[in-house]
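*Asks:* Given next are the chains, with one letter for each unit.
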Amino acid sequence: GAGVSQSPRYKVAKRGQDVALRCDPISGHVSLFWYQQALGQGPEFLTYFQNEAQLDKSGLPSDRFFAERPEGSVSTLKIQRTQQEDSAVYLCASSLDGSTDTQYFGPGTRLTVL
Amino acid sequence: QKEVEQDPGPLSVPEGAIVSLNCTYSNSAFQYFMWYRQYSRKGPELLMYTYSSGNKEDGRFTAQVDKSSKYISLFIRDSQPSDSATYLCAMSEGGSYIPTFGRGTSLIVHP
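Going down the list, the sequences are from chains P and Y.
Start counting the first sequence at 1; every next residue gets the next number (the working numbering).
Start counting the second sequence at 115; every next residue gets the next number (the working numbering).
Some clues are possibly wrong.
Here are the simulated DSS-like pairs of lysine-lysine, each with C-alpha atoms no more than 27 angstroms apart in a straight line [to be verified]:
| # | chain 1 | residue 1 | chain 2 | residue 2 |
| --- | --- | --- | --- | --- |
| 1 | P | K78 | P | K11 |
| 2 | Y | K116 | P | K57 |
| 3 | Y | K170 | Y | K156 |
| 4 | Y | K170 | Y | K184 |
| 5 | P | K14 | Y | K116 |
| 6 | Y | K170 | P | K57 |
| 7 | P | K78 | Y | K184 |
| 8 | P | K14 | P | K57 |
| 9 | Y | K116 | Y | K181 |
| 10 | P | K57 | P | K11 |
| 11 | Y | K184 | Y | K116 |
| 12 | Y | K156 | P | K11 |
| 13 | Y | K156 | Y | K116 |
Treat the hints as calculated values from the structure; they're not laboratory data.
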């Protein structure tokens, strides 16, 4: 069966541009997570959705970061006015339920800000 | 000091060796302990999941948790070149959906 997919896989942006990263979770998965993985580091939590409700956005590093999941399926992470420090791999994960259920990760979007 | 410490390696071993990967942590509230494998340009994949202290075995993989020492380990027996990847430890507090990851250890198994 299809896993979590993300697009684009690679994105190069000039500093100051806005970007939108898409995540397609596993069908039927209620929970969706976004993580940021800097080079040589482990993933760091950004935000969590249960269906369309964003229950936790405590990890978003600034108000330039915005995430949505309007119909409880596909999610978009938007970064406004990108900065060089935003360069990282952005990972999406979904789980059947929430809480401590196994999270299945997508391949990530590698964002490079020049 | 980070909550979860993990040596980045790389760790290079010959095929067939027993591999030991480790993490230490400082948050005594962590109750769930996980090991993920991440191949280059892929997302992390859950390998092992342990609640509280003790050992758990799954095929060639054994996870150990020593909460008194705040130390967790992953052992890989009869390592294969296909095991070459980055291994991330992760842990979370009871009832939390937010894991805290280590930085990962790069493992290279050469034929």
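*Asks:* All hints are to be evaluated individually against the structure, with a verdict given for each.
*Replies:* Going through the hints against the structure:
The straight-line distance between the Cα atoms of K78 (chain P) and K11 (chain P) is roughly 13 angstroms, inside the 27 angstroms bound, and the hint therefore holds. With a C-alpha separation of about 21 angstroms, the suggested pair K116 (chain Y) and K57 (chain P) falls inside the 27 angstroms cut-off, and the hint holds. A hinted pair counts as satisfied when its Cα atoms are at most 27 angstroms apart, and K170 (chain Y) with K156 (chain Y) qualifies at roughly 26 angstroms. Of the supplied pair hints, the one linking K170 (chain Y) and K184 (chain Y) holds, its CA atoms being roughly 17 angstroms apart against a limit of 27 angstroms.
Between K14 (chain P) and K116 (chain Y), the direct Cα distance comes to roughly 32 angstroms. Violation of the 27 angstroms bound is thereby established for this hinted pair. In summary, the hint linking K170 (chain Y) to K57 (chain P) is not supported, as the alpha carbons are separated by about 33 angstroms, beyond the 27 angstroms threshold. Our distance criterion of 27 angstroms between C-alpha atoms is broken by K78 (chain P) and K184 (chain Y), whose separation comes to about 37 angstroms. Restraint check: the Cα-Cα separation between K14 (chain P) and K57 (chain P) comes to about 26 angstroms, which is no more than 27 angstroms; the hinted pair holds.
A C-alpha spacing of about 17 angstroms is found between K116 (chain Y) and K181 (chain Y), which places the hinted pair at or below 27 angstroms, so the restraint holds. Our distance criterion of 27 angstroms between C-alpha atoms is met by K57 (chain P) and K11 (chain P), whose separation comes to about 23 angstroms. Restraint check for K184 (chain Y) and K116 (chain Y): satisfied, since their Cα atoms lie roughly 13 angstroms apart, inside the 27 angstroms limit. For the given pair, K156 (chain Y) sits about 16 angstroms from K11 (chain P) by alpha-carbon distance, which is consistent with the 27 angstroms threshold.
Of the pairs offered as hints, the one joining K156 (chain Y) and K116 (chain Y) holds, with about 25 angstroms between alpha carbons and a cut-off of 27 angstroms not exceeded.
The structure is inconsistent with the numbered hints 5, 6, 7, although it conforms to all the rest.
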